[in-house]
Amino acid sequence: MLKDCGHPGLLVVLDEIETLQRVRGDVREKGLNALRQLLDEIDAGRFPGLFLVITGTPAFYDGQQGVQRLPPTRRAARHRFLHRPRFDSPRAVQLRLTGFDLAKLDELGRSVRDLYAGGTRHPERIAERADDAYIGELATALTGTLGGRVGIAPRLFLKKLVDVLDRVDEHADFDPRRLDRLHPGLVHHIVNTLGWRALRPLQNEAIVPLLDGSDAILLAPTAGGKTEAAAFPLLSRMAEEN
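For the sequence shown, position 106 (counting from the first letter as 1) is numbered 105 according to numbering that gives the first Met the number 0, and the numbering increases by one without interruption.
Errors might be hidden in some of the hints.
[Unchecked claim] With a straight-line Cα cutoff of 20 Å, these simulated EDC-like cross-link-like pairs (lysine to aspartate or glutamate) come out:
#, residue 1, residue 2
1, K225, E204
2, K225, E240
3, K29, E15
[What the hints assert, rightly or not] Cβ-Cβ distance ranges computed for the label pairs, FRET-style:
#, residue 1, residue 2, range
4, E239, I41, 48 to 56 Å
5, A140, D39, 27 to 35 Å
6, F80, E169, 42 to 50 Å
Treat the hints as calculated values from the structure; they're not laboratory data.
All C-beta atoms, glycine included, are put in the ideal place defined by N, C-alpha and C.
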(Lines of atoms letter the chains of each structure in order from A; the text may use other names.)
(Lines give C-alpha, C1' and ligand atoms only; values in the text may rest on other atoms or scores of the structure.)
Protein backbone atom coordinates (compact mmCIF):
# COMPACT_ATOMS: atom_id res chain seq x y z
CA MET A 0 0.00 0.00 0.00
CA LEU A 1 2.81 2.43 0.88
CA LYS A 2 4.62 1.80 -2.39
CA ASP A 3 1.37 2.19 -4.33
CA CYS A 4 1.06 5.63 -2.71
CA GLY A 5 4.57 6.56 -3.81
CA HIS A 6 6.30 6.14 -0.44
CA PRO A 7 9.58 4.18 -0.33
CA GLY A 8 8.94 2.84 3.17
CA LEU A 9 7.67 3.46 6.69
CA LEU A 10 9.42 4.79 9.80
CA VAL A 11 8.01 3.53 13.11
CA VAL A 12 9.20 5.08 16.38
CA LEU A 13 8.53 3.29 19.68
CA ASP A 14 9.12 6.14 22.12
CA GLU A 15 9.89 5.85 25.85
CA ILE A 16 9.76 2.07 25.72
CA GLU A 17 11.46 1.90 29.12
CA THR A 18 7.98 2.39 30.65
CA LEU A 19 7.56 -1.37 30.17
CA GLN A 20 9.78 -1.80 33.23
CA ARG A 21 7.16 -0.18 35.45
CA VAL A 22 4.08 -2.18 34.49
CA ARG A 23 2.77 -5.41 36.02
CA GLY A 24 5.02 -8.42 35.45
CA ASP A 25 2.74 -10.36 33.10
CA VAL A 26 2.05 -7.25 31.03
CA ARG A 27 5.77 -6.51 30.83
CA GLU A 28 6.51 -10.04 29.61
CA LYS A 29 3.85 -9.79 26.91
CA GLY A 30 5.23 -6.43 25.77
CA LEU A 31 8.82 -7.65 25.63
CA ASN A 32 7.78 -10.79 23.78
CA ALA A 33 5.84 -8.72 21.23
CA LEU A 34 8.95 -6.58 20.74
CA ARG A 35 11.08 -9.68 20.21
CA GLN A 36 8.62 -11.03 17.64
CA LEU A 37 8.60 -7.73 15.76
CA LEU A 38 12.40 -7.61 15.64
CA ASP A 39 12.52 -11.21 14.43
CA GLU A 40 10.02 -10.44 11.67
CA ILE A 41 12.02 -7.41 10.53
CA ASP A 42 15.27 -9.37 10.63
CA ALA A 43 13.68 -12.11 8.50
CA GLY A 44 12.82 -9.55 5.83
CA ARG A 45 9.05 -9.86 6.19
CA PHE A 46 8.56 -6.08 6.32
CA PRO A 47 10.67 -4.63 3.49
CA GLY A 48 10.94 -0.87 3.74
CA LEU A 49 10.12 -0.77 7.47
CA PHE A 50 12.61 1.20 9.59
CA LEU A 51 12.18 0.78 13.35
CA VAL A 52 13.55 3.20 15.96
CA ILE A 53 13.27 2.38 19.66
CA THR A 54 13.96 5.06 22.27
CA GLY A 55 14.69 4.16 25.87
CA THR A 56 16.92 4.88 28.82
CA PRO A 57 20.14 2.91 29.46
CA ALA A 58 18.32 1.01 32.22
CA PHE A 59 16.00 -0.56 29.64
CA TYR A 60 18.92 -1.99 27.69
CA ASP A 61 21.16 -2.86 30.63
CA GLY A 62 18.78 -3.54 33.53
CA GLN A 63 17.12 -6.81 34.51
CA GLN A 64 13.57 -5.64 33.72
CA GLY A 65 14.20 -4.78 30.08
CA VAL A 66 16.08 -6.22 27.12
CA GLN A 67 18.21 -8.41 29.40
CA ARG A 68 15.17 -10.66 29.91
CA LEU A 69 15.25 -11.62 26.22
CA PRO A 70 18.60 -13.31 25.42
CA PRO A 71 18.28 -13.17 21.59
CA THR A 72 17.25 -9.51 21.66
CA ARG A 73 19.91 -8.74 24.26
CA ARG A 74 22.62 -10.11 21.99
CA ALA A 75 21.27 -8.21 18.98
CA ALA A 76 21.07 -4.91 20.89
CA ARG A 77 24.37 -5.24 22.75
CA HIS A 78 26.66 -2.26 22.23
CA ARG A 79 29.60 -0.87 24.16
CA PHE A 80 29.93 2.90 24.15
CA LEU A 81 33.33 4.54 24.32
CA HIS A 82 33.99 7.03 27.09
CA ARG A 83 33.93 10.02 24.73
CA PRO A 84 30.64 10.56 22.86
CA ARG A 85 32.38 12.38 20.02
CA PHE A 86 33.64 9.03 18.72
CA ASP A 87 30.19 7.40 18.59
CA SER A 88 29.21 5.90 15.23
CA PRO A 89 25.80 6.73 13.69
CA ARG A 90 25.86 3.22 12.17
CA ALA A 91 25.88 1.47 15.56
CA VAL A 92 22.90 -0.56 16.74
CA GLN A 93 22.51 1.89 19.63
CA LEU A 94 22.84 5.67 19.39
CA ARG A 95 23.66 7.72 22.47
CA LEU A 96 21.73 10.97 22.81
CA THR A 97 23.92 13.53 24.54
CA GLY A 98 21.21 16.09 25.18
CA PHE A 99 20.70 19.63 23.94
CA ASP A 100 22.95 22.60 24.36
CA LEU A 101 22.24 26.09 23.09
CA ALA A 102 23.94 25.44 19.73
CA LYS A 103 21.83 22.32 19.12
CA LEU A 104 18.67 24.16 20.13
CA ASP A 105 19.55 26.88 17.63
CA GLU A 106 20.21 24.29 14.90
CA LEU A 107 16.90 22.56 15.65
CA GLY A 108 15.03 25.84 15.39
CA ARG A 109 16.55 26.66 12.01
CA SER A 110 15.68 23.20 10.67
CA VAL A 111 12.07 23.47 11.85
CA ARG A 112 11.81 26.99 10.41
CA ASP A 113 13.04 25.78 7.00
CA LEU A 114 10.65 22.81 6.99
CA TYR A 115 7.78 25.09 7.97
CA ALA A 116 8.61 27.63 5.27
CA GLY A 117 8.62 24.89 2.63
CA GLY A 118 4.89 24.33 3.07
CA THR A 119 3.64 27.79 3.97
CA ARG A 120 1.86 30.49 2.02
CA HIS A 121 4.45 33.18 2.71
CA PRO A 122 7.94 31.61 2.81
CA GLU A 123 9.64 34.94 2.15
CA ARG A 124 7.96 36.49 5.21
CA ILE A 125 8.99 33.52 7.35
CA ALA A 126 12.60 33.85 6.16
CA GLU A 127 12.64 37.60 6.86
CA ARG A 128 11.01 37.76 10.30
CA ALA A 129 12.20 34.42 11.69
CA ASP A 130 15.75 34.62 10.35
CA ASP A 131 18.74 32.84 11.88
CA ALA A 132 19.40 35.74 14.23
CA TYR A 133 15.84 35.64 15.59
CA ILE A 134 16.01 31.86 16.11
CA GLY A 135 19.18 32.34 18.17
CA GLU A 136 17.62 35.17 20.17
CA LEU A 137 14.54 33.07 20.93
CA ALA A 138 16.62 30.08 22.05
CA THR A 139 18.78 32.28 24.29
CA ALA A 140 15.79 34.10 25.76
CA LEU A 141 13.89 30.91 26.53
CA THR A 142 16.79 29.13 28.20
CA GLY A 143 17.40 32.29 30.19
CA THR A 144 13.86 32.21 31.61
CA LEU A 145 14.47 28.56 32.54
CA GLY A 146 17.65 29.36 34.44
CA GLY A 147 19.88 28.19 31.61
CA ARG A 148 18.52 24.62 31.80
CA VAL A 149 18.65 23.75 28.11
CA GLY A 150 17.70 20.14 28.83
CA ILE A 151 14.09 21.05 29.60
CA ALA A 152 13.76 23.67 26.87
CA PRO A 153 13.33 21.83 23.51
CA ARG A 154 9.59 21.17 23.75
CA LEU A 155 8.84 24.64 25.08
CA PHE A 156 11.12 26.18 22.46
CA LEU A 157 9.45 24.32 19.58
CA LYS A 158 5.96 25.14 20.85
CA LYS A 159 6.86 28.82 21.05
CA LEU A 160 8.63 28.80 17.68
CA VAL A 161 5.77 27.13 15.79
CA ASP A 162 3.31 29.57 17.39
CA VAL A 163 5.46 32.47 16.18
CA LEU A 164 5.75 31.00 12.67
CA ASP A 165 1.97 30.54 12.49
CA ARG A 166 1.38 34.16 13.40
CA VAL A 167 4.01 35.45 10.98
CA ASP A 168 2.42 33.42 8.19
CA GLU A 169 -1.15 34.44 9.02
CA HIS A 170 -0.67 38.13 9.81
CA ALA A 171 1.35 40.49 7.62
CA ASP A 172 1.79 43.02 10.45
CA PHE A 173 2.99 40.58 13.13
CA ASP A 174 6.53 41.33 14.32
CA PRO A 175 7.79 38.67 16.78
CA ARG A 176 10.83 40.69 17.82
CA ARG A 177 8.75 43.35 19.50
CA LEU A 178 6.76 40.96 21.65
CA ASP A 179 9.81 38.89 22.51
CA ARG A 180 11.32 41.75 24.49
CA LEU A 181 8.49 41.21 26.96
CA HIS A 182 8.32 38.38 29.50
CA PRO A 183 6.94 35.15 27.92
CA GLY A 184 4.18 34.92 30.53
CA LEU A 185 2.96 38.41 29.71
CA VAL A 186 3.13 37.71 25.97
CA HIS A 187 1.01 34.60 26.54
CA HIS A 188 -1.76 36.69 28.12
CA ILE A 189 -1.52 39.44 25.50
CA VAL A 190 -1.99 36.92 22.71
CA ASN A 191 -4.36 34.43 24.33
CA THR A 192 -6.29 36.38 26.98
CA LEU A 193 -6.57 39.73 25.22
CA GLY A 194 -6.62 38.08 21.79
CA TRP A 195 -4.21 40.61 20.27
CA ARG A 196 -2.18 39.51 17.29
CA ALA A 197 0.01 42.62 17.43
CA LEU A 198 0.64 45.69 19.57
CA ARG A 199 -0.32 49.20 18.55
CA PRO A 200 2.46 51.46 17.24
CA LEU A 201 2.80 53.40 20.50
CA GLN A 202 2.94 50.18 22.52
CA ASN A 203 5.64 48.82 20.22
CA GLU A 204 7.75 51.96 20.46
CA ALA A 205 7.51 52.10 24.26
CA ILE A 206 8.85 48.61 24.95
CA VAL A 207 12.56 49.14 24.33
CA PRO A 208 13.12 52.47 26.13
CA LEU A 209 10.99 51.56 29.14
CA LEU A 210 12.59 48.13 29.55
CA ASP A 211 15.99 49.80 29.30
CA GLY A 212 15.03 52.15 32.14
CA SER A 213 14.73 55.34 30.08
CA ASP A 214 12.18 58.07 30.69
CA ALA A 215 9.50 58.41 28.03
CA ILE A 216 6.55 60.66 27.27
CA LEU A 217 3.77 58.66 25.60
CA LEU A 218 1.52 60.71 23.33
CA ALA A 219 -1.39 59.20 21.43
CA PRO A 220 -5.03 59.97 20.58
CA THR A 221 -7.84 58.76 22.80
CA ALA A 222 -7.94 54.94 22.89
CA GLY A 223 -4.47 54.88 21.37
CA GLY A 224 -3.17 52.34 23.87
CA LYS A 225 -1.27 54.67 26.22
CA THR A 226 -2.17 52.74 29.38
CA GLU A 227 -0.98 49.42 27.97
CA ALA A 228 2.13 51.07 26.51
CA ALA A 229 3.14 52.16 29.99
CA ALA A 230 1.95 49.03 31.82
CA PHE A 231 3.31 46.22 29.64
CA PRO A 232 7.03 46.96 30.16
CA LEU A 233 6.43 47.47 33.91
CA LEU A 234 4.55 44.16 34.20
CA SER A 235 7.27 42.45 32.19
CA ARG A 236 9.99 43.74 34.51
CA MET A 237 8.00 42.65 37.59
CA ALA A 238 7.60 39.16 36.11
CA GLU A 239 11.34 38.93 35.43
CA GLU A 240 12.16 39.93 39.01
CA ASN A 241 9.76 37.35 40.46
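How the hints compare with the structure:
1. K225 x E204: Distance ~11 Å between K225 and E204 Cα, so the pair holds.
2. K225 x E240: Measuring from Cα to Cα gives roughly 24 Å; hence the hint is violated.
3. K29 x E15: With a Cα-Cα distance of about 17 Å, the restraint between K29 and E15 holds, given a limit of 20 Å.
4. E239 x I41: 48 to 56 Å: Between E239 and I41, where Cβ atoms are some 52 Å apart, the hint holds.
5. A140 x D39: 27 to 35 Å: Given range 27 to 35 Å: violated, Cβ gap about 49 Å.
6. F80 x E169: 42 to 50 Å: At roughly 45 Å between Cβ atoms, E169 and F80 fall inside 42 to 50 Å, so the hint holds.
Violated hints, in rising order: 2, 5; the structure is consistent with all others.
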